[in-house]
Amino acid sequence: MESARPRWDLDPVLTVEHLMMRFGGLVAVNDLSFNVGRGDITALIGPNGAGKTTVFNCVTGFYKPTSGRIVMRHGEKVGTGLIEDLTRSGRQYLARDGHAAFLLERMPDYGIAHHARVARTFQNIRLFGGMTALENLLVAQHNKLMLASGYTIAGVLMLPGYRRAKQEAIDKAVYWLERVDLIERADDPAGDLPYGAQRRLEIARAMCADPHLLCLDEPAAGLNPRESAELNELLQFIRAEHGVSVLLIEHDMGVVMEISDHVIVLDYGVKISDGPADFVRNDPKVIAAYLGVEDEEVELVESALETREAGI
Amino acid sequence: MEYFLQQLINGLTLGSIYGLIAIGYTMVYGIIGMINFAHGDIFMVGSFIALAMLVVLGVTAASSLPIIILAILLVLLIAMVFTSVWGWTVERLAYRPLRGSFRLAPLITAIGMSIVLQNFVQVTQGARVKPLQPIVTDGITLLQGGGPGGGIVVQLSYMQMIIIVTTVALMTGFSLLIAKTPLGRAQRACEQDAKMASLLGVDVDRTISLTFLMGAALAAVAGTMYLLYYGVIDFYIGFLAGVKAFTAAVLGGIGSLPGAMLGGLLIGLIETFWSGYFSVEYKDVAAFSILAIVLIFLPSGLLGRPEVEKV
Amino acid sequence: MAEAGSVADASDLRPAGAEIEEEKRRDAVSGEPPFKQPRRRDGGLRAALRDALFAALVAAVLGFFFLGLRTEIGPGGLVLSTRWGLFATAVAIVFAGRLLLRLFVFRDARPRTVTAAAPGWAAALTALGRLLGPGLLVLALAFPFLILWLFPQRDRQYLDLAILILTYVMLGWGLNIVVGLAGLLDLGYVAFYAVGAYSFALIAQNFGLGFWLCLPLAGLLAACWGLILGFPVLRLRGDYLAIVTLAFGEIIRIILLNWYDFTGGPNGISGIPKPTFLGMDFSRGEDGVAAFLGIPYDSIHRFVYLYYIILGLALLTNFVTLRLRRLPIGRAWEALREDEIACRSLGINTTNTKLTAFATGAMFGGIAGSFFATRQGFISPESFTFLESAIILAIVVLGGLGSQIGVVIASVVMIGGIELLRNLGFLRDIFGPGFDPTQYRMLIFGLAMVVIMVWKPRGLISSREPSAVLKERKLIGADMVAQGEGH
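Residue numbers (full-length UniProt numbering), protein chains in the order written: chain A, 1 to 312; chain B, 1 to 311; chain C, 1 to 487.
What the hints contain is simulated information worked out from the structure, not anything from laboratory work.
Be aware that a few hints might be false.
Simulated crosslink set (BS3-like; lysine-lysine; CA at most 30 Å straight-line) [unchecked claim]: (1) C:456 - A:172; (2) A:172 - C:471; (3) C:456 - C:474; (4) B:195 - C:456; (5) B:195 - B:180; (6) A:64 - A:144; (7) C:456 - A:144; (8) A:77 - A:64; (9) A:144 - A:172; (10) A:144 - A:77; (11) C:471 - A:144.
Construct all of the structure, not just a fragment, from the sequences and the given hints.
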C-alpha cells in the first residue's frame, strides 16, 4: 500500500469499526472495519453470501449489529474528540462547531435516514409501485414537508408557507426526474416503468432525501451496457455536483473498476482487501476469493499473475 | 386443591375442543395464508348435523352402553363426512376463485361466508337454542374432598374422557398423516411454495381442497363433542369458538399442528381458571388479552418458526 | 429433452400415491372429476349435465340436514320434522341453475376477441365518473325535499334509511383512511364507534353537555383510544393486526356489557339528548324550531335536521380525507401501504405515521358513534358487535380500497339493498303467509359480499387517483397499487 495514508482514512464520512453481525449461530460479518471517504465513490464487493448486504443493513439501521461502532460524520474532518465524547455520552448524535457525528448502531432506521442523512436503495427495487414517479420523489421529502405543513395543521389550511415548500419540493422532484431522464413519465405509476427506469427512479428518490451518504445495493444489476454506462455518469454527477459520498455494492466489475475511488472486498464476512481499484484488482487474495481457490494456492496464483504481467 | 383439579379437567376438555378447531385454522393459514373466518361456523354446522343425527337415531341416556357408543361413532362419522362437504364447498365457491388475487378479497368472502352460514342455519333451523338431553352421563370420582358435607368432589365425567381420548387419538393420527403420507408431503410442499409445488406435479388445488376437507372434518368432531358436552347449541356458537380457536392457533404458532393443540389447551385452561378464580364475565377478555399479548411480544407463537424481516 | 418424454417425466414427478389419492377423492365425490377441468368445458351438453348432477349432489349433501330435516323443541325434548319438498326443490334449483350457467355463461373457454370499441366506452365511463361525485352531492343535498315532495306518506321511512346509509358512508370513509390509505387491516373499527357513542351518552348524562359540545369531545376521546389501542398493535403485520384489532373490539364490547355501574351493562343508556338547532330543540312548543322559523310543527323536521347533520359530518370526513391525501401525511400513509421498508429508508417514522392514521380513522368513527347515539336516543352493547365491523370493512373493500365514491356506492347497494328487503311483502303472496323476507336479510347480505368480491376482487371502483400531478392526471390501475401487508 502507499506510504501516505489514503484520503478515506484522513477524512472519512463513514467509519465502520469492528462490526460484527450474528444471526443465531451464523456470523455474517466478523470484525469488519473500513472507512468511506468524503466525496469518494466506494465499492463494497465480494462473492455471493460475503455479507455485503448485511453490512448495508447494519449501516442503514435495518439490522442492529451484534457489536461494533458505526460513525457517520457531517462536516469536514470531524475530530476524534467529538466522536469519543459522543460514544461516552450514550447519545445518538452530537453536534459541535458546525460538525456533527452520529452513532448509527444506536439509531432507528428512519432516524438514520432523517438525521444522519444516509439514503439507500435496495437490491430488489422497493419503489412505491402504485404511486406515480413524482409522488415517489415527494414521499422522499416527507420530513421537510411535514415540518413545512406544521405537522399537517398548516397544510390543511393551505397556508402560504406550506404552499411554497410544496412548490420547492415539486421543483426538486422535477430536477431529479430530468436528471434521470424520467420527466416524461412523471405521472406514470412507478410500477409501470421498465426495470432500468425503476433503478434510476430509486436513486433519484434516495437523492431527494438530501443524503450526505448514498448507499446503493447493486445499482447496475439487470441493466444493459448502455444503461450501465448511464448509471456511471449519474453517479459521477451526483458526486461532483452534489458532493454526496457514494457507497455501493456491485457485482458488475466494469462499473466498480471504472468509477470507484476505493474498493473494499469481503469474503465470508471478513475484509480481505481494501484499497484503490487498481490495487484490489491485482490483489491475489481477491482473485483467489473470486475464483474460489484454496488458501495454499493463493501463492501459486500470485506467481502466475506475476509471470503474466511480466509477459505483458 | 380439589377445586384446582376439577378446573384443570374442565379446562383440558374445553381446550381439546378448541384445539380441534384450531387445527383447521392453522392448516388453512399455513397453506394459503388466509384466516378462514368461516371455520368457526363450519364447527357450528358440524354440531347441528350431529344434533339432527342424534335425534334421528333417537339415542338417549337410557339406551344401553354399546348402542350409545355405536351411535356416537356413527354420528361422528356422518358429521365428519357431511361437514367436510360444507368445508369443501365454502373453499370452492368463496376462496378458490380468488386465489392469487389480492389478499383482502378472500378475507371479505370468508366473513361473508361466515354470515351466510350463520343465517342459513338460523333460517332453516330456527334462531332458538337447541337443548339436547344429556346422553353420556355419569363419570368417575377421582377425589372426594374431606370436610363437612363431603367437600368438593373431583369428577372426571365419561364425556370428558371421551373428548380427551378422541382428541388425542385424532391428533396422533393426524400428525402421522401429515408427516408420513404423500398427501401430507404435498401439503407441506404447498405450504412452503405453492407455485414450485405445482411445477413439480403437486395438484395444488386438490391439496388445498383436501386441507379444507380435513379441517372441516376435525371441526365436525369438535362440534359433536361440544354438543354432547354442553348439550346446548345455537347458530351463533361458531363465532366465539372460532375466534378463540384462532387465538389458540396463533398462540401455539400458526402453521404448527402441535402448536394448535397446545394453544387450544392453554386457551381452554386460561378460560376455565379465569372463570373459576376471577370472573366468568371477563373470561373472554382474558382469552383475547392473551392473544394480544402473545402477538405483541411473541409474534411467532410458542412453537412457530420466527420470521426474519427481509430487507 | 424430447417433448413427449418431458411430459411423461412431469407426471412421474408427482408424489407417489397421487393416483391413489385421486381415486380416493373420486370416490369421495362420487366418481365425478371436479368441474374446474378446462377440457370438459367444450364437452357440450353431456359434460354440462354431468357437472350439474355433481352440483346437485353436493347441494343434496349440504342441504340434507338443514333443508330436509329440522329439529324443533317438542314436549319431551327435540323432535324431528321433515321437509322433503323444500329439499327436493332446492336440489332441483341447484341442478337447473348449474346446468344453465354451464350452458350459457361459462361456455367460452377460448379468449374472446375484442374490437377497438373499448377505449371510447372507457373514456365515456371516466367522464361519467367525474360527474358522479358532484351529481351524488347535489342529490344528497336535495334528498329530503325530494322525499317530502315525492313520497309524503313514507318520508320518515326513507329519511331514516338515508340517515342510516350516510352513517355507514361516514364510517366507511373513516375506516378507508386506515385500511384504504394506510393499508392497516382493522377488524375492530366498531370499538371506536362504540367509544364515540358511549362517550357522548355518558358525558351528556353526567355533565349535561349538549350534542354539539360533546361531538368534538367524543371524536377526541375516540382518537385517544385509537392511540392507546394502536400503540401496542401496530408493530404487528397483516392478519395478526386484523385479529388483534378484532380482539380489542370484542374486549371493549364485553367491558361495556359487564361494567354495570358505568355503562348500564346490557340495558345500555337511554334518554340521550337530541341535537339542538342554535340551542332550540325540535318540539311542538313555543321555543321549538318550528315556532322560531314560523312554520307549522311537523315531527319530520327533526329527521330532516338529523339528515343534514350526518350529511355534513360525512362530507367533513370526505373533505378532510381528500385534503390529507394531498398532504405529506396522507402521502406517507399511502407510501406505507406500498412499502413500509422503503418508507423507513426515507426517514419516515412509520410508527407515528401509522398511529396518526389509526387515530384519524378512530376520530371519525367516534364522531359517527355520537351521531348514532343522538339519533337512536338509546345505545347498548348490542349495537357494537363484530358484525358491525365486518359490515363497515365490507363496504370499504367492496367499494374499492381507497376510493371515496366506491364507499358511497357500496353503502347504498349493501345497506340500502338490504333495507329494501323489508318492503318485499308481496313475496308473501308467492311463498305463503309464513314467509318473512326480513329474516333473509343477512343471508342475502353475506351472499352479496361473496358474489361481489368474486366478481370484482378489487372492489367496484378500483383505480387510484394520484395525489400530485405534474402534467397529466392519469388514473392508476388497481393491479399497480399495493394493498398493504397490514404492517
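Outcome of the hint check:
| no. | hint | verdict |
| --- | --- | --- |
| 1 | C:456 - A:172 | violated, 39 Å |
| 2 | A:172 - C:471 | holds, 16 Å |
| 3 | C:456 - C:474 | holds, 22 Å |
| 4 | B:195 - C:456 | holds, 24 Å |
| 5 | B:195 - B:180 | holds, 22 Å |
| 6 | A:64 - A:144 | holds, 26 Å |
| 7 | C:456 - A:144 | violated, 39 Å |
| 8 | A:77 - A:64 | holds, 27 Å |
| 9 | A:144 - A:172 | holds, 12 Å |
| 10 | A:144 - A:77 | holds, 27 Å |
| 11 | C:471 - A:144 | holds, 24 Å |
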